[in-house]
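Listed below, chain by chain, are the residues.
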Amino acid sequence: MTTPIIKSPYLFAHPYPGKLIVVEGIDGSGKSTQLSLLRKWLESKGSNIFFTEWNSSALVKETTKRGKKTKLLTPMTFSLLHATDFANRLYHQILPPLKAGMIVLADRYMYTAFARDAVRGVSPSWVRKLYSFAIKPDLAFYFRVPIEVSLSRLLEGTRAELKYYEAGMDLGLSPNLVESFKIFQSRTLAEYDKLVDEFGLTVMDATLEIDEQQEQVRDIVSKALATYKPKRGTHVKREALFWRRFALPESERAQGEADRA
Amino acid sequence: MPYQSLKGLKGKLIALEGPDGVGRSTHIELLQEWLEVQGYGVLTTGWTRSELMSKTIASAKQGNILDPWSHSLLYATDFADRLEHQIIPALRSGFVVLADRYIYTAFVRNTVRGCDRQWIHDVFGFAIVPDLVCYLRIDVDTLALRVIESKGMTYWESGMDMRLGADLYDSFKKYQGLIIEEFDKVAEEFGFQVVDARRPPEEIQEALRARILPILKEGRTKRINKAAAEKIAAEKGILGKPALVAVEKPAEKIAEKATAPAPAKEPATTA
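Protein sequences appear in the order of chains A and B.
So in the working numbering, spot 175 of the first sequence is number 175, and the numbers just go up one at a time.
So in the working numbering, spot 249 of the second sequence is number 249, and the numbers just go up one at a time.
Among these hints, one or two may not hold up.
As the list claims (entries may be wrong) - When the alpha-carbon atoms are kept at most 30 Å apart in a straight line, the in silico DSSO-like pairs for lysine-lysine are as follows:
1) A:Lys-129 x B:Lys-173
2) A:Lys-136 x A:Lys-45
3) B:Lys-173 x A:Lys-68
4) B:Lys-10 x A:Lys-71
5) A:Lys-40 x A:Lys-136
6) B:Lys-173 x B:Lys-151
7) B:Lys-151 x A:Lys-71
8) A:Lys-129 x B:Lys-217
9) A:Lys-129 x A:Lys-71
10) B:Lys-185 x A:Lys-129
11) B:Lys-174 x A:Lys-68
12) A:Lys-65 x B:Lys-55
13) A:Lys-69 x A:Lys-129
14) A:Lys-65 x B:Lys-61
15) B:Lys-61 x A:Lys-99
16) B:Lys-173 x B:Lys-61
17) A:Lys-61 x A:Lys-182
18) B:Lys-61 x A:Lys-61
19) A:Lys-40 x A:Lys-68
20) A:Lys-40 x A:Lys-129
21) A:Lys-182 x A:Lys-68
22) B:Lys-55 x A:Lys-61
23) B:Lys-185 x B:Lys-174
24) A:Lys-69 x B:Lys-173
25) B:Lys-151 x B:Lys-217
26) A:Lys-40 x A:Lys-229
27) A:Lys-163 x B:Lys-55
28) B:Lys-174 x B:Lys-61
29) A:Lys-71 x B:Lys-61
30) A:Lys-194 x A:Lys-229
31) B:Lys-61 x A:Lys-69
32) A:Lys-65 x A:Lys-136
Quick caveat, the hints were computed from the structure, so don't treat them as lab data.
Just so we're clear, the structure is a prediction, and the values are computed from it rather than from any experiment.
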């Protein structure tokens with residue numbers, strides 16, 4: 001099959017009034033922590049936030065779980081399942097809030113698939129074509145961290161264990177979980193580094209202290225949101241217009257507003 | 001699939017395509033019986049029947065909130081699972097694999113639902129090309145009658161998710177009409193063998209067998225040529241050949257019988 005020029009929407013800015021911010025990085029890079037802090041901050045400023053996570057749609061999650069349990073998954077089906085999950089979430093979770101002008105935060109995006117699937121031996125060009133229906137985020141952070149740091153965070157941190165697929169045990173790199181994790185995640189790291197230039201990811205030094213990183217993140221996000229007009233706030237101006245039709249007596253309306261506040 | 005070698009697949013992959021209710025599964029059953037009687041190992045595989053995905057797809061259909069992308073990707077995952085766990089291993093050990101629907105069904109449905117044609121081709125880029133694709137072609141009026149007579153029309157077969165018509169019947173006719181139209185295009189593009197499915201089942205079965213036989217023989221000779229020919233020639237000399245002829249002769253006779261009535265009626269189908 002001949003493919004002339006692939007025109008992928010994910011290479012161009014999306015036309016919606018909302019903003020899409022994503023974080024990427026290997027397991028233990030601290031990206032989820034940073035994203036939740038960013039969310040807190042944006043919410044405290046009064047923005048409407050929608051949050052979505054990699055491989056979280058109910059339908060696909062159950063299948064992945066079943067497949068992982070029975071070790072039935074191959075690199076190909078693994079890749080396709082994640083794409084299915086992504087398509088489902090894009091359509092039902094990401095696009096509607098973006099169209100409504102909200103800020104969408106995504107913990108992992110298609111770049112995770114590009115990095116991991118390449119390590120699992122799936123053709124990189126095929127995976128890119130697979131995701132050609134995706135849209136380009138307004139901001140994509142990549143939290144770069146050395147393997148040793150992420151490993152110690154995972155082993156000494158809250159989780160204190162490595163997961164089978166997280167360590168790439170399905171690839172048979174090493175019978176030892178920690179060894180396998182090291183090999184698999186270093187390869188993933190190398191793939192991520194290639195993606196930085198290809199897709200213009202914003203690289204963050206994930207070895208810094210949490211608050212130092214967060215300060216940088218908030219700085220970059222403020223700049224990216226400079227042109228963003230939050231939908232919220234406008235309804236205060238329209239309050240009178242909104243209630244006029246119902247012609248409530250002044251006293252009752254005041255009561256109603258007090259209740260809402 | 002770069003990580004899997006496709007060398008040494010000695011089996012034959014034969015796919016049957018056509019709209020819902022045209023009788024594919026009935027004919028697959030008959031073909032399996034026929035092939036097994038002849039001594040071929042047969043594996044049948046059907047759309048959405050993978051161990052990994054069948055439950056998932058069933059529950060997705062219940063919810064009926066699928067967007068076209070995840071719809072297509074669910075089927076692609078099911079297909080990849082069957083390809084890696086059923087089809088390729090069976091072909092490697094020399095089975096005849098009968099596929100009830102193949103990737104072309106996905107192409108057709110995807111296009112009818114308004115998705116990008118190139119994208120779905122790309123998604124299924126890892127598939128292997130069948131040795132033969134038979135397309136059971138039917139007109140939508142005959143199909144509607146047949147489906148009502150047998151098991152009745154269902155929500156998905158009528159494409160009710162696309163809101164093409166007010167009731168099952170209207171929707172079925174419009175949806176399957178589009179499906180057939182698209183199948184015709186795909187059939188031309190990928191060189192399907194077209195079988196007129198308006199005829200009685202026995203005749204359809206005969207026409208299918210006539211198309212499958214040469215494919216099976218093709219494999220035989222190739223295998224003899226490639227691997228065994230030298231050995232047979234060196235070790236057994238003339239002894240190897242009579243055995244070969246004996247195997248192939250009855251097959252040829254059936255082939256002649258079967259092909260005879262088929263071409264006469266074929267022009268009517270394509271016209």
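To see whether the hints hold, each was checked on the structure:
Restraint check for Lys-129 of chain A and Lys-173 of chain B: the C-alpha separation of about 34 Å exceeds 30 Å, so the hint is violated. Distance check on the hinted pair: Lys-136 of chain A and Lys-45 of chain A sit about 25 Å apart at the alpha-carbon level, within 30 Å; holds. Distance check on the hinted pair: Lys-173 of chain B and Lys-68 of chain A sit about 41 Å apart at the alpha-carbon level, beyond 30 Å; violated. A threshold of 30 Å between alpha carbons decides the hint, and for Lys-10 of chain B with Lys-71 of chain A the separation of about 28 Å falls inside it, so the pair holds.
Between Lys-40 of chain A and Lys-136 of chain A, the direct Cα distance comes to roughly 24 Å. Compliance with the 30 Å bound is thereby established for this hinted pair. For the hint linking Lys-173 of chain B to Lys-151 of chain B, the alpha-carbon distance of about 16 Å falls within 30 Å, and the restraint holds. Simply put, Lys-151 of chain B and Lys-71 of chain A have alpha-carbon atoms about 37 Å apart, too far for the 30 Å limit, and the pair is violated. Using a Cα cut-off of 30 Å, the hinted pair Lys-129 of chain A and Lys-217 of chain B is violated, with the two alpha carbons roughly 38 Å apart.
Distance hint between Lys-129 of chain A and Lys-71 of chain A is fulfilled; the C-alpha atoms sit about 27 Å from each other, no more than 30 Å. For the suggested pair Lys-185 of chain B and Lys-129 of chain A, the alpha carbons sit about 23 Å apart, so the restraint of at most 30 Å is met. For the suggested pair Lys-174 of chain B and Lys-68 of chain A, the alpha carbons sit about 41 Å apart, so the restraint of at most 30 Å is broken. Taking the CA atoms of Lys-65 of chain A and Lys-55 of chain B, the gap is near 13 Å; set against the 30 Å cutoff, the hint holds.
Between Lys-69 of chain A and Lys-129 of chain A the alpha-carbon distance is near 29 Å, which keeps this suggested pair within the 30 Å criterion. Simply put, Lys-65 of chain A and Lys-61 of chain B have alpha-carbon atoms about 20 Å apart, close enough for the 30 Å limit, and the pair holds. Simply put, Lys-61 of chain B and Lys-99 of chain A have alpha-carbon atoms about 27 Å apart, close enough for the 30 Å limit, and the pair holds. Proposed proximity of Lys-173 of chain B and Lys-61 of chain B is supported: the alpha carbons are some 21 Å apart, at most 30 Å.
A distance of roughly 26 Å separates the Cα atoms of Lys-61 of chain A and Lys-182 of chain A; the hinted pair therefore holds under the 30 Å criterion. For the given pair, Lys-61 of chain B sits about 16 Å from Lys-61 of chain A by alpha-carbon distance, which is consistent with the 30 Å threshold. Taking the CA atoms of Lys-40 of chain A and Lys-68 of chain A, the gap is about 33 Å. The hint is violated against a cut of 30 Å. A C-alpha spacing of about 35 Å is found between Lys-40 of chain A and Lys-129 of chain A, which places the hinted pair above 30 Å, so the restraint is violated.
Taking the CA atoms of Lys-182 of chain A and Lys-68 of chain A, the gap is near 20 Å; set against the 30 Å cutoff, the hint holds. A distance of roughly 13 Å separates the Cα atoms of Lys-55 of chain B and Lys-61 of chain A; the hinted pair therefore holds under the 30 Å criterion. For the suggested pair Lys-185 of chain B and Lys-174 of chain B, the alpha carbons sit about 17 Å apart, so the restraint of at most 30 Å is met. With a C-alpha separation of about 43 Å, the suggested pairing of Lys-69 of chain A with Lys-173 of chain B is violated against the 30 Å cut-off.
Taking the CA atoms of Lys-151 of chain B and Lys-217 of chain B, the gap is near 37 Å; set against the 30 Å cutoff, the hint is violated. With a C-alpha separation of about 19 Å, the suggested pair Lys-40 of chain A and Lys-229 of chain A falls inside the 30 Å cut-off, and the hint holds. For the proposed pair Lys-163 of chain A and Lys-55 of chain B, the alpha carbon gap of about 25 Å is at most 30 Å, so the pair holds. This hinted pair checks out: Lys-174 of chain B and Lys-61 of chain B have alpha carbons roughly 20 Å apart, not beyond 30 Å.
At roughly 25 Å between alpha-carbon atoms, Lys-71 of chain A and Lys-61 of chain B fall within 30 Å of each other, so this suggested pair holds. The hinted pair formed by Lys-194 of chain A and Lys-229 of chain A fails the criterion: a straight-line CA distance of about 34 Å is larger than 30 Å. Between the alpha carbons of Lys-61 of chain B and Lys-69 of chain A the distance comes to roughly 24 Å, so the proposed pair stays at or under 30 Å and holds. Of the pairs offered as hints, the one joining Lys-65 of chain A and Lys-136 of chain A holds, with about 28 Å between alpha carbons and a cut-off of 30 Å not exceeded.
In summary, the numbered hints that this structure violates are 1, 3, 7, 8, 11, 19, 20, 24, 25, 30.
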